[in-house]
Amino acid sequence: MSKVKVLVVDDEIEFATTLAERLNIRGFETTACFCTEDALALIHAKNIPDVVLLDLKMPRMDGMETLEEIKKYNPTIEVIMLTGHGGGIPLVGADRKKFSPFDCIMKPADINELTLKINQAMAKRQASLNKGEGT
Amino acid sequence: MKSRKKERLREMQLAFIGKLMAGLSHEFKNHLAIIKELNGLIEDLLILEVPGQSVNSERFKKIIPGINERIAQAAEMCRVLSGFSHRMDQPLSSINVSDVLQEEIYLLRRFAQQKQVHIESLFDGDLPAIFNDPSLLQFAVFCVVWPALELLEKGGRVVITGTGKNQSVEITAILEGKMERPENDTPWEAMLPQVLEILGAEFSRRINEDGNEDVAITISSIENSYRDNT
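Protein sequences, first through last, are from chains U and C.
Each residue of the first sequence is one higher than the one before, counting from 105 in the numbering used here.
Each residue of the second sequence is one higher than the one before, counting from 2 in the numbering used here.
Please note: incorrect hints may appear among the correct ones.
[Stated by the list, open to error] Just so you have them, the derived chain C footprint on chain U, three or more residues with Cβ under 8 Å:
1. 110-121
2. 124-131
3. 134-140
4. 158-168
To be clear, the hints were calculated from the coordinates, so they are not data collected in a lab.
For glycine and all other residues, C-beta sits at the position ideal for the given N, C-alpha and C.
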């Protein structure tokens, strides 16, 4: 069985690389990107992750905009937002609902909670793929 | 001052404090998240350690300074936050303009980074002490710098300088870079005349040939009685 591909996108380099290493220890195939442009370039180059862990607040393009770009490109990729924002994520408007993330986890996150969410997100993506979506 | 104007000022000051606190708490959570991940990585490596084999001490030696660095940064944030909060304890006091504004610039730095605008300060070392309202001075500078951070395009630069002039201090915000100005002043800029009146400060704005702006606030000491009358 192939490993679940996870992409961590966070401008805090130390956070992204350490989390990626910890997820790899747990059997995921994890890549870290430190800006949204690199993450989107990676996805557009057909390096499709199963699950993206995406920081909400980043320079230039924020997490919600990036989520929309990812979902427009491939709706089966599941995105889990990571945020230090106390008020959660601003899910307002029809478009925001259309491109909603799989879940939103507050920083600092618990690794066990995170791995559970990744596996649940992967199960959802697999179900979408089985239905022929996003192909 | 009419009560509605006072009320509006209070609202805007609360919004100013709220914006800085929101940015700071977000940044603080980032430090905690990194400490948690680095600590978790040590835990992972220890659990994965093969019995009978020595612990990979070299790997740990690389991780532990990262934790210490983040704790130091979080502690520095708390120190600045404490100073910022105590500025409001005394509406009028003898202030070092450099200290008061360096503190504010520290808190604004995160927003500047998000916008990819560079912010820096350059204060003369021998600024005269000013008897005035430190919290309101921070608010006045915020009313100048915040719209610039919002309007300046990526690569812009904000330089805040402080120069002694007799018994006054001239604070200049040099705003460099492309900036799309709206037709009307932002709510922050619209608030500025009222704030400057309370501070007894003078104001000037100059647009240079290259399009960059110099915004100057000159602040002096005021009497308690002056404040009572504004």
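Here's how the hints hold up against the structure:
1. 110-121: holds (count 3)
2. 124-131: Contact hint for the segment 124-131 of chain U vs chain C: holds, 3 residues under 8 Å.
3. 134-140: It is violated: at least three residues are needed, and the segment 134-140 of chain U offers just 0 whose Cβ sits closer than 8 Å to chain C.
4. 158-168: holds (count 4)
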